[in-house]
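S.K.: Start from chain A and add chain B according to the hints.
Just so you know, the sequences run in chain order A and B. Residue numbering for the first sequence follows numbering that gives the first Met the number 0, beginning at 0 and increasing consecutively. Residue numbering for the second sequence follows numbering that gives the first Met the number 0, beginning at 0 and increasing consecutively.
In case anyone wonders, no lab produced these hints; they're calculated from the structure. Hints are supplied without guarantee of correctness; some may be wrong.
Stated by the list, open to error - Some chain A residues judged to face chain B by a derived CB distance under 8 Å, without partners named:
{"hint": "1", "residue": "Pro270"}
{"hint": "2", "residue": "Tyr595"}
{"hint": "3", "residue": "Glu599"}
{"hint": "4", "residue": "Ile735"}
In this text the structure is predicted, and so the values were computed from the model without any measurement. Virtual Cβ for every residue (Gly too), placed ideally from N, Cα, C.
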Amino acid sequence: MTQNNRLSGGQIDRNTTVNFRFDNRSYTAHPGDTLASALLANDVRLIGRSFKYHRPRGLLTAGSEEPNGIVELRAGNRQEPNTRATTIEMFDGLEAQSQNCWPSLKFDALGVNDLFSNFLSAGFYYKTFMWPAAFWEKVYEPIIRRAAGLGSLSMEADPDEYDKGFRHCDLLIIGAGPSGLMAALTAGRAGADVILADEDFRFGGRLNSESFSVDDQSASDWAAQAVAELSSMPNVRLMTRTTVIGAFDHGIYGAVERTGDHVATLPAGKPRQILWRIYTKKALLCAGATERPIAFENNDRPGIMMASALRTYANRFAVTASQRVAIFTNNDDGHRTAADLHAKGVHICAVVDVREDAPVNYDYEVLRGAQVVNTKGRLGLTFVEVALPDGSTRTLECGALGVSGGWNPNVHLTCHQRGRPVWNDDLAAFVPGSNLPVGLTVAGAANGVMSTQGALQSGMDGAVEAMELSGKLPDLPEAEDAAVSQKPFWYVEGCKRAWLDQQNDVTVKDVKLSYQEGFRSVEHLKRYTTLGMATDQGKTSNISALAIMAEVAGKSIPETGTTIFRPPYTPVPISTFAGRMKGQEFHPTRLTPSHYWAKERGAVFVEVGNWLRAQWFPLPSETHWRESVDREVRQTRASVGVCDCTTLGKIDVQGTDAAAFLNRVYANGFAKLAVGKTRYGLMLREDGMAMDDGTAARLAEDHFVVTTTTANAVSVYRHMEFVRQCLFPDMDVQLISTTESWAQYAVAGPNSRKLLQKIVDPEFDISNEAFPFMGCGNITVCGGLRARLFRISFSGELAFEIAVPSRYGDALMRRLMTEGEEFGVVPYGTEALGVMRIEKGHAAGNELNGTTTALNLGMGKMVSKKKDSIGSILSEREALVEPDVLRMVGIKPVSSEEKITAGGHLMNSTGPVDAAHDQGYVTSAAYSPILNSSIGLGFLKDGANRMGEKMRLVSPLTDLTVEVEIVSAHFVDPEGDRLRA
Amino acid sequence: MHDLVAITALGGVEPRVDTIGGVTCTEVPGVALASVAARIGQETKATKALAKLIGVPAPGIGQHAGDPVTAFWAGPDQWMIEAPFDTHEDLADQVKPALGDAASVTEQTDGWTRFDLSGDQIPAVLELLCTLDLRKIETGSVGRCSIHHIGCFVLCRSPDEYSIYGPRSSAGSLHHAIISALRSAL
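Isolated chain A (complex conformation) (with noise of 0.2 Å):
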């Protein structure tokens, strides 16, 4: 197809010509395009088709601010929904397809619903769709987002990278139009570190739209010209294509840039979209202005469009949507088009004014006075319909309507930290108001300085105070500088389906019935409506909606209100939120220091927190884990297992007053505990809740390492650190994590002795006599290496845990398993570690679950009255004490065939179930190879004196009662003999 609707001029690559798809059909277009400005080249005007009634749609705008002109970009698993035309780059192999309609573009079969629009006002669904209640989830829901909705998703994982990067900046300068580029220039020259951002692939703003001059050469030259000097400037940093999407707290402004949406092709290990952070001590937003609509009847119709945007078309893109153009508008800015467009051959039908004194040029006819009533043109617009001050109508045709009702700043970013705008009565539109984000200064015509020398000036001058600049400024350079002043005309009396949020189908009408209804704020407008809250945000069409209801309302527009607009200031893919969080990689991973000999082994892995441990050791021979698990837990019981249990938090605690900062975090005494000593430790939280255990070796008076839970390694280091800096300053203590310094086993077992015996340097005796339980020290193994040893047991075997740097714990792991072998060693995971410490009756993560405390878990005795520590005081509350409170139980069923389950409640064996009957819960639960039969750890009221008592264990959601006996925690060696054997 040839590019029947291009111009001369320019800033294409003519030289070049690419080929793209739009909805099947190629056509050809040059490099410096946009999407939307390739297609008004082939005279493709019909883009998409609305939300709610589907109505043809097609461009407004020649920017971000587009409401209508969207389309799904790229195929596949690439496909993006929602991507606004007018911001897509022009490159060869584009792929596009509209949205939102069946069975094609040109003929849906969802327009059927323009014709009941009078049914499907504002507030349709909420008034329809309320009866009956049960078929709203089923029926209504599935219908109506079928019906509606905006682009569809692939369904499949984005394949491509996602980056995030952090940037400082003394300046960051927000958009590089006329205002933006002077700032950077003026703060570039001072040797400022300035990043200048702008959404665009090309900086210069509206100097690229215009078609008038700034010094003696074209305001998109000037601009040019400004680029390459800035270019040299080290201190400057240009981001083209880089959206500044939020102003967030300490000047730190998100950003996003747009690394791959311009090639066909991405090279490997290259980013989409990049979202950085970037950190500034001051930021100058010139995001420039957004030229605002009229709402009149059938103004939707694709080839209406803002007359800014048929300039920008002209100028920047040397593409006119029509060959036949006519201008509707109600201040000078719209005569610009007309004159531009006259300049570069194309017909100006007339230029509507609804002003009795518009300016008239004498090349084309300007209808003073008048107003556009009506529209035609099923597919696109074919003829306007004026209605003139003697009351005659006059019919036009033309093939694009330029429509300007004036221009918005765009404070968005000003608004992010709660900030509202004000009301300026010159402009008739919202300027930034006093309560910016701390840093932020505005400039340029976001701050309601509209001519381009106005521009120049308050870029110049944001730049001189944010850096308080001093000494020779640049010479401003002389561009025009007509007064700007902007009389209010919203919309055309009388008209019916006049369109103001064309992107969620919102009228005038809405506004008004919203207004009827009663919902009188703007918050509820917004709601009620959805006028603003689809991907636009609302702007082209915020304001307008805002001067009708304050018109109904009788009041003025600032007593009326303002919304406030929310971070992204345009829409952000979520994978770019993501970055490369992804996948596996969606956090970091820990391996453990036996991992890769472990995944030589077969080991089944499992996450805990960010730790992948293993969870058991399948042979060949097991099809079940169960299998697996049970054999592990026989053989570490009848012989010797080995477990790693590095992933156990480790601190280094040292100082002086170690031993008593200790006896102030644990609940129990730790001031006399021996050198050569381990004991185990409760530690509560302030309110007297359990909130970790382990045990801290004494290995010197000043040295002690305290072990924490998995789970909760970096909660108690946080802990410790904040008691010792915030509570105790004066304690001399010092910590730090060794966590993963030290490769830590567990050697379990009747034979763990003789095995350890095997890698023990001979010096060292490891004798029941010379290391009995809960000893401790520093060794040597395998002719040397450093080690530490610690005699304790977390199965209820006799027990060992002995650690040796990281980088060693692969070779000692091989190591035990090689000397093992005459034992039948076996490696063991965390599930038989679960079954092990079940039999034995220890707490873990499941008993200690942030709502027990001491006196539940059977250790009420630890917390030490002879001493003051951390939660003592508060777990001795009334409630916490009383004495039918819960005690930890042992659980199993009567009938050993049965299963227990984890949590399950505990109730009475007869009498009501339910939660008033309620007697306790079940935390953990295995299956004990030992005793052959399901066993379980729970809370039971009065617990302790509930022994042998028959209960049912019930879980009503799955329909499970099965009778259990209450026995002690301990089913294994309650006395304690093998441990200490």
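M.R.: Just chain B now, kept in the frame of chain A:
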């Protein structure tokens, strides 16, 4: 002499080396580390002893100094000492006598993994990884930051040489983050 064979944090016998876009990322297992934290009231004594140990004044906030035994600032009156592993495997035991009761010393050698970057466009890589203000990073600087949600130290040895320390157990994730950033930026 013991007979256990060490593996690197990435699980190899030999350190991993990747060169992308002119920047080389090298896994560095050959370093011993020990933390030093001055005891209360002993700060001056500890600072002086540390200076004697490394042969130059103890580094201040955000700084590192010394060669071949280096110290870098890790917090108020806290430093990390680094030295060649081959000659200082028992670094903590060597440092402790030098500091005496003025400081607590803890072995940190295998708590960390180190990746060295060398090349001339390292800031373009680092700005994708961490929040440090790279304009202020110069030879002798050290910064604490989060990379890919992993707490790290970044040391600038020279404009073309940086070291990144991260927790040993997360070496794989950290390496992945660095390599991804190299591919993205260069």
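S.K.: Taking the hints in turn, state whether each one holds.
M.R.: Evaluation of the provided hints:
no.	hint	result
1	Pro270	holds, 5 Å
2	Tyr595	holds, 5 Å
3	Glu599	violated, 11 Å
4	Ile735	holds, 5 Å
The structure shown violates just one earlier hint, number 3.
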